[in-house]
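Visitor: Here are the chains, one letter per residue:
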Amino acid sequence: MSHLPKAIRAPYGRIEIEMSEPLPDIDTSGPNGDWNGVHVLARWKGYPVGRCWVHREHAGSKVSGEEIDEILGSDTGYQIATRRLTIETGPMEPATLPSLTMVVCTRNRAKLLERCLQSLVALELGGVVPELLVVDNAPPDASTQDCVAGFPRVRYAREPMPGLDFARNRAIAECRTDYLAYIDDDATVDSGWLAAFAEAVRIHPDAGGFTGLVLPLQLETEAQIRFELAGGFAKGFGQRRYGSDAWGDPIYPAGAGVFGTGANMVFRLDALQAIGGCDDALDTGPPLPGGGDIDLYYRIVRHGFPMVYDGGMLIFHEHRRDMPGLRRQYYTWGLGIMALVEKNLLTDPEARSRNRHLVLWLAKYYLIDLYHSLRGRRAKLPSHILAEIWGAIVGGRGEYRRSQARIARIREEFGQ
Amino acid sequence: MRPAAPWDIFHVDLSAPVALELQPEAQAAILFFRQDGMVVGRSALTRAAFPMSAEQVRALGAGAGSWIMLSQVAGGGYDAALQGHVLPPARASQAGAFDVTGFGQAIAARRHRSSRSVTLVICTLNRPQQLAACLETVRAAFDPGPGREILVVDNGPDAATRAVVEAAGATYVAEPRRGLSNARNAALREIESEIVAFIDDDVLPEPGWIEPLLNAFDDPQVGVATGLVLPLELRSEAQISFEMDLGFGGMGLQPLRFDPAFLEATGPWGVPSWNIGAGANMAIRRDLVDRIGLFDPRLGHGGQASGAGEDSEFWRRALEAGVCCFYEPASVVRHEHRADWNALRRQVRGYAMGHLAAIFAQYGNHRRRGDLWRAFYILPGHYTKRLLLSWRRRMLRIPDLHLHDEIRGYLQGVRYIGFTRPPSARRRFRQCPRPPTRQSDL
Numbered sequence: 018m019s020h021l022p023k024a025i026r027a028p029y030g031r032i033e034i035e036m037s038e039p040l041p042d043i044d045t046s047g048p049n050g051d052w053n054g055v056h057v058l059a060r061w062k063g064y065p066v067g068r069c070w071v072h073r074e075h076a077g078s079k080v081s082g083e084e085i086d087e088i089l090g091s092d093t094g095y096q097i098a099t100r101r102l103t104i105e106t107g108p109m110e111p112a113t114l115p116s117l118t119m120v121v122c123t124r125n126r127a128k129l130l131e132r133c134l135q136s137l138v139a140l141e142l143g144g145v146v147p148e149l150l151v152v153d154n155a156p157p158d159a160s161t162q163d164c165v166a167g168f169p170r171v172r173y174a175r176e177p178m179p180g181l182d183f184a185r186n187r188a189i190a191e192c193r194t195d196y197l198a199y200i201d202d203d204a205t206v207d208s209g210w211l212a213a214f215a216e217a218v219r220i221h222p223d224a225g226g227f228t229g230l231v232l233p234l235q236l237e238t239e240a241q242i243r244f245e246l247a248g249g250f251a252k253g254f255g256q257r258r259y260g261s262d263a264w265g266d267p268i269y270p271a272g273a274g275v276f277g278t279g280a281n282m283v284f285r286l287d288a289l290q291a292i293g294g295c296d297d298a299l300d301t302g303p304p305l306p307g308g309g310d311i312d313l314y315y316r317i318v319r320h321g322f323p324m325v326y327d328g329g330m331l332i333f334h335e336h337r338r339d340m341p342g343l344r345r346q347y348y349t350w351g352l353g354i355m356a357l358v359e360k361n362l363l364t365d366p367e368a369r370s371r372n373r374h375l376v377l378w379l380a381k382y383y384l385i386d387l388y389h390s391l392r393g394r395r396a397k398l399p400s401h402i403l404a405e406i407w408g409a410i411v412g413g414r415g416e417y418r419r420s421q422a423r424i425a426r427i428r429e430e431f432g433q
Numbered sequence: 004m005r006p007a008a009p010w011d012i013f014h015v016d017l018s019a020p021v022a023l024e025l026q027p028e029a030q031a032a033i034l035f036f037r038q039d040g041m042v043v044g045r046s047a048l049t050r051a052a053f054p055m056s057a058e059q060v061r062a063l064g065a066g067a068g069s070w071i072m073l074s075q076v077a078g079g080g081y082d083a084a085l086q087g088h089v090l091p092p093a094r095a096s097q098a099g100a101f102d103v104t105g106f107g108q109a110i111a112a113r114r115h116r117s118s119r120s121v122t123l124v125i126c127t128l129n130r131p132q133q134l135a136a137c138l139e140t141v142r143a144a145f146d147p148g149p150g151r152e153i154l155v156v157d158n159g160p161d162a163a164t165r166a167v168v169e170a171a172g173a174t175y176v177a178e179p180r181r182g183l184s185n186a187r188n189a190a191l192r193e194i195e196s197e198i199v200a201f202i203d204d205d206v207l208p209e210p211g212w213i214e215p216l217l218n219a220f221d222d223p224q225v226g227v228a229t230g231l232v233l234p235l236e237l238r239s240e241a242q243i244s245f246e247m248d249l250g251f252g253g254m255g256l257q258p259l260r261f262d263p264a265f266l267e268a269t270g271p272w273g274v275p276s277w278n279i280g281a282g283a284n285m286a287i288r289r290d291l292v293d294r295i296g297l298f299d300p301r302l303g304h305g306g307q308a309s310g311a312g313e314d315s316e317f318w319r320r321a322l323e324a325g326v327c328c329f330y331e332p333a334s335v336v337r338h339e340h341r342a343d344w345n346a347l348r349r350q351v352r353g354y355a356m357g358h359l360a361a362i363f364a365q366y367g368n369h370r371r372r373g374d375l376w377r378a379f380y381i382l383p384g385h386y387t388k389r390l391l392l393s394w395r396r397r398m399l400r401i402p403d404l405h406l407h408d409e410i411r412g413y414l415q416g417v418r419y420i421g422f423t424r425p426p427s428a429r430r431r432f433r434q435c436p437r438p439p440t441r442q443s444d445l
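Protein sequences, first through last, are from chains S and B.
With the numbering used here, the residue at position 133 of the first sequence is 150, and numbering never jumps.
With the numbering used here, the residue at position 227 of the second sequence is 230, and numbering never jumps.
Some clues are possibly wrong.
What the hints assert, rightly or not - Okay, the calculated bits of chain B under chain S, using three or more residues with CB under 8 Å as the criterion:
id : segment
1  : 5–18
2  : 44–53
3  : 123–137
4  : 285–291
To be verified - Covered by chain B, per the in silico footprint, the following chain S stretches (three or more residues, Cβ under 8 Å):
id : segment
5  : 36–43
6  : 81–95
7  : 259–269
Keep in mind that the hints were calculated from the coordinates and are not lab data.
All residues carry an ideal CB built from backbone N, CA and C; glycine is no exception.
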């Protein structure tokens, strides 16, 4: 991120361009003239292949299609070529949708949920639609239930014990299909999601889990822009397969989030059942609100199921709007990853050295990041990195065991 | 940590991918993705990735091969300042115009049968069985015809080799003075064809491998063409280590043109002419020898010579004379790496020693200080750095296996410091007092 503007000012616009057609000129100041730049998502025949940022401070307000092409550059060209090669040499008939339940775990966020469900009910592939399920986690009122009642196709389930992984486990118990997708309630799903998922399943029927691309739904505040500029949740374009080992990677599969993110993930139900579902002690909400997704990927891979990442499984996520919220997000990343290391050191003695290497790798990565951030080369502020480091320190010092104790109390409370 | 031996090798045709299954004892596999015969991508996978369905192979191959395929169509180029890294100007919009048929046409243009006269030279020493296998493959792959000849230089010489050569219908030349350079020079003195192609006797060429090399000479500036060398088998730890840790120079999948700009850009740090390719698969114009001289008999494998580097020194002389070298990966041969660990260690020492000797010789010929800089600063610095970091590699269980042998070879190579004398101060090796006898004429 060496080409950041001097001051990152909100808002930014979001634009999508289609690469199979002549590229349009782009107005970086937006229709109302208030944008300070744009985030451009490039698709090729609908399939996402690349993205770029155009800052008004650098590019001025008018950017030609030619310049956009240059900024998008060869990485996007590579993705288009890969896509063309896959399609042109591949079978012609489109893949059929396997039986799938899409689950939204939510708590007291009816407005966001409604937007998410609207995008979900619009999904279909060749006339087949997925089952939809909302898990309401320890609801304080009936707002979620009322919202779901407005969507006749959506099933409603309630999980009284507070904690995201309790809700995820409730979804496993409720699921009657081969595959189970978890989508965050603050996201909307792209219309090409199902086609990409069906294609990924056809190629990798043995995979235990699938993750996809997460891009920003809005870039209205500085926190949202900084988060996305610093990498956000996005893990790149194209398809990747992760087996039970990776050539020459000493920390695999303990590495933080190479696989994707919990806002957008699908699992084979029998794989989830084989690993014993989600670990309730992670993702409990404060004080340990993260790590459950990475823990799932880790255990899926350690059980011998491959994981597949596909950039076509695209969702748009509404990032934290305020700076304190963003700082908390980075704090929970550090907290979650180190709590997970602690858990894995206890439960997975075979992979102990990989988890130890992960700690060294994290330390190195944080320090390099901090150095560049202090010199103004990162969208991530030094305070964000310090928050993440502090989270890692807290998380590595017994947070997982403290969380287990809390979970035991909650279970007692609910008589389980 | 690298998987243990043995490994499998798969050549996958991207236009018709098949399901892959490892042999029972294999711990890993290297996949070479081929499209229209050209290698467009490679992938190394551990045992856990198998069995792979045809669909998975296709998806993996599309990702591994599309970059090279796109850049062949959209046009790549050699960026001299980047020392061998190629940046295809492949923009996003060009990828939409890219297709498999266009790639096939681009490759077919490089693989069509050339009408240039060529002599294929195979230098051998006491390996009649391997030579017989090599000659058998060569006869099928070479497609002999008018203006195409096969010549074997026997560096032994011995009767068994001669019998093998004559049974195969090739020309036999004996060169009793040991050394690969001497053997190659003996062949060059015999030959009258326009192009001379060299392969080693432990190499099995793929059908039609010679055509892309010959077609490279359509460019009048090109005097040297080299090709891709792939492993024939990876059955022992030594073969795997040679492929993964040592390998031949260059061996990318992009065609590269090394021109005088390359010389100027890299000169201050010592010209990395070994990146041009491997002597195990190369062709040169016969008349280039009249301009720049023969291979330096002080360098190269065998006999009293230094161990390696005769090919890169020859290429360097060509570059200095304003001649371009072309690396053409559409030409593919498969090399049988040494299976024995001790033989590999000797080879590593020989490479390191010959490398330094070749650098000295290049300084002697061209007096560019960059070569001395490389010999006495860059190389020692490189070894020191690796030595300091070797504890970390051991900890990560990817030990630096050949470091000590390389350093030993380097130190042994210092005794060739006399090669830094300019040519005027020594007898010209080009003038050879005793021409070898052509046994087939006797």
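Visitor: Could you run down the list of hints and mark each one as holding or not?
Guide: Going down the list of hints, with the structure as the test:
For the segment 5–18 of chain B, the stated coverage by chain S holds: 3 residues have a C-beta nearer than 8 Å to a C-beta of that chain, and at least 3 were required. Judged by the Cβ-Cβ criterion of 8 Å, the segment 44–53 of chain B is covered by chain S as claimed, because 5 of its residues qualify and three suffice. With a cut-off of 8 Å between beta carbons, the segment 123–137 of chain B has 0 residues touching chain S; three or more are needed, and the interface restraint is violated. Residues of the segment 285–291 of chain B with a Cβ under 8 Å from some Cβ of chain S number 0, which does not satisfy the need for three, so the listed coverage is violated.
By the rule of at least three residues with a Cβ nearer than 8 Å to a Cβ of chain B, the coverage given for the segment 36–43 of chain S holds, with 3 such residues. A count of 8 residues in the segment 81–95 of chain S with a Cβ less than 8 Å from any Cβ of chain B is obtained; the coverage claim is therefore met, three being the minimum. Proximity of the segment 259–269 of chain S to chain B, defined as three or more residues with a beta carbon under 8 Å from a beta carbon of that chain, is established by the 6 residues found.
In terms of the numbered hints stated before, the structure departs from hints 3, 4, listed from lowest to highest.
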